[in-house]
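Participant: Below, each chain spelled out in residue letters.
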Amino acid sequence: MSETRPNPTVFDLFAGFFMVGVCGFGGVLPWARRMIVDQRKWLTPIEFTEMLGLCQFLPGGNIMNVTIALGSRFRGIPGALACFLGLMTAPVAIVIMLGAIYDQYAGYAPVRRAFVALSAAAAAYLVANAWKIASPLWGRKLAMAIAACTFVAIAVLRLPMLVVMPVLAIGSTFVLWRFRA
Amino acid sequence: MNTLWELASVYAQLSLLAFGGANAVIPEMQRQVVDVHHWMSAHDFAALYALAQAAPGPNMMVVSLVGWRVAGFWGALVTTGSVALPSSVLTLLVSGVWFRFKDAPWRKAIQAGLLPVTAGLIMASAALLIQTTVVDLAAAAVAVVAGGLFFFTKLHPLLILGGAAAAGAIGLVG
Chain F
83 MSETRPNPTV
93 FDLFAGFFMV
103 GVCGFGGVLP
113 WARRMIVDQR
123 KWLTPIEFTE
133 MLGLCQFLPG
143 GNIMNVTIAL
153 GSRFRGIPGA
163 LACFLGLMTA
173 PVAIVIMLGA
183 IYDQYAGYAP
193 VRRAFVALSA
203 AAAAYLVANA
213 WKIASPLWGR
223 KLAMAIAACT
233 FVAIAVLRLP
243 MLVVMPVLAI
253 GSTFVLWRFR
263 A
Chain Z
94 MNTLWELASV
104 YAQLSLLAFG
114 GANAVIPEMQ
124 RQVVDVHHWM
134 SAHDFAALYA
144 LAQAAPGPNM
154 MVVSLVGWRV
164 AGFWGALVTT
174 GSVALPSSVL
184 TLLVSGVWFR
194 FKDAPWRKAI
204 QAGLLPVTAG
214 LIMASAALLI
224 QTTVVDLAAA
234 AVAVVAGGLF
244 FFTKLHPLLI
254 LGGAAAAGAI
264 GLVG
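These protein sequence lines map, in sequence, to chains F and Z. Numbering of the first sequence is given in the numbering used here, commencing with residue 83 and proceeding in unit increments. Numbering of the second sequence is given in the numbering used here, commencing with residue 94 and proceeding in unit increments.
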């Protein structure tokens with residue numbers, strides 16, 4: 083296989099992520115993977131997994147971090163900006179349009195009722211997601227206790243995250259490492 | 094002008110706290126936006142979150158929407174930029190040297206340590222949104238049915254959200 087290294091231009095980067103932003107209903111990640119690995123072949127599957135691993139490890143939106151890591155890898159800071167703007171432009175415009183429409187019609191009973199139901203369904207969606215994210219923890223007592231502490235600190239005691247997060251992140255890393263749990 | 098600065102400082106902080114993405118910082122976002130700065134009610138916040146879920150794009154969209162609601166077009170620009178900039182600079186700096194640490198034991202230890210914290214954070218987000226959105230029995234019924242569909246079927250999430258909104262609009266619930 084004498085494949086040449088991919089060499090996307092700043093415009094290619096923008097265009098690729100623009101399509102991801104437009105298509106990405108209900109989670110952008112599968113679409114990003116399809117575009118980057120399958121369609122444009124900018125990264126091999128292994129390279130993509132490694133890059134995603136980094137982007138999930140760092141704070142911030144995972145897919146936002148992917149735009150920065152991938153863009154800068156090919157075209158430096160202009161490339162990172164092109165990927166980021168490509169991803170965000172259309173969704174931000176669309177979500178603001180939806181917001182304006184909602185404001186316009188929020189007074190009508192059917193719209194208001196639709197939103198009560200939509201809000202409850204969106205909250206349920208997050209519950210289902212939380213369940214999936216927590217599933218690797220089942221049966222690991224120490225990890226489950228840490229998750230429970232986090233839940234209580236944030237949802238029940240409503241403590242500021244800026245204080246809670248460093249304590250929990252460092253404490254959790256140390257405890258799990260120390261007890262090999 | 095003052096509000097824009099406040100938005101910028103709130104969202105720049107959230108950027109560096111968002112281990113696990115936007116959903117992990119929903120409680121802190123709600124605390125700042127509703128309790129600390131009184132920019133909107135908890136119900137408005139939940140409605141904006143729901144609206145953002147119904148739009149395409151990354152799940153950070155609620156950030157832009159809050160900015161827009163608080164301070165219009167510039168608000169949306171400021172919150173979106175502020176939530177992106179700190180984490181992006183960090184990504185830019187780290188991604189160049191990452192391959193050196195890929196298999197380092199300390200990196201695996203931190204990643205393992207962050208997982209239960211992220212899980213707890215997202216559960217907290219979910220609990221707070223349920224608490225704000227389940228305003229009556231009908232909304233509770235929607236949450237239970239939708240939750241079951243999300244969990245047990247492979248239906249597209251947007252289909253379920255759309256179905257819930259439609260059921261609400263025609264007066265089945267709500």
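Hints were generated in silico from the structure; no laboratory data involved. Each residue gets a CB set at the ideal place from its N, CA and C atoms; glycine is no exception. A hint or two may mislead.
[As the list claims (entries may be wrong)] Computed far set for chain Z versus chain F, every beta-carbon distance over 10 Å: (1) N95; (2) E99; (3) A101; (4) Q106; (5) W132; (6) M133; (7) Y142; (8) Q146; (9) V176.
[Unchecked claim] The calculated lysine-lysine pairs, modelled on PhoX-like cross-linking and capped at a C-alpha distance of 25 Å, are: (10) F:K223 x Z:K201; (11) F:K123 x Z:K201; (12) Z:K247 x F:K223; (13) Z:K201 x F:K214.
Participant: Confirm or reject each hint.
Facilitator: Against the structure, the hints:
Remark: the non-interface label on Z:N95 is consistent with the geometry, its nearest Cβ contact in chain F lying 21 Å away (cut-off 10 Å). Residue placement check: Z:E99 keeps its beta carbon more than 10 Å from all beta carbons of chain F (closest about 15 Å). Annotated as non-interface, Z:A101 keeps its C-beta farther than 10 Å from every C-beta of chain F; the closest such distance is 16 Å. Not every CB of chain F lies more than 10 Å from the CB of Z:Q106, the least distance being 6 Å, so the non-interface label is violated.
With a least CB separation of 14 Å from chain F, Z:W132 remains clear of the 10 Å interface cut-off, as annotated. Look at Z:M133: its CB is around 12 Å from the nearest CB on chain F, clear of 10 Å, so calling it non-interface holds up. The claim that Z:Y142 is not at the interface with chain F is violated, since a C-beta of that chain comes within 10 Å of its own (minimum 6 Å). For Z:Q146, the non-interface assignment is contradicted: its Cβ lies about 4 Å from the closest Cβ of chain F, within the 10 Å cut-off.
Not every CB of chain F is more than 10 Å from the CB of Z:V176 (nearest about 8 Å), against its label as outside the interface. For the hint linking F:K223 to Z:K201, the alpha-carbon distance of about 19 Å falls within 25 Å, and the restraint holds. Between F:K123 and Z:K201 the alpha-carbon distance is near 28 Å, which puts this suggested pair outside the 25 Å criterion. Our distance criterion of 25 Å between C-alpha atoms is broken by Z:K247 and F:K223, whose separation comes to about 30 Å.
Distance hint between Z:K201 and F:K214 is fulfilled; the C-alpha atoms sit about 21 Å from each other, no more than 25 Å.
Against the hints set out earlier in the document, violations occur for numbers 4, 7, 8, 9, 11, 12.
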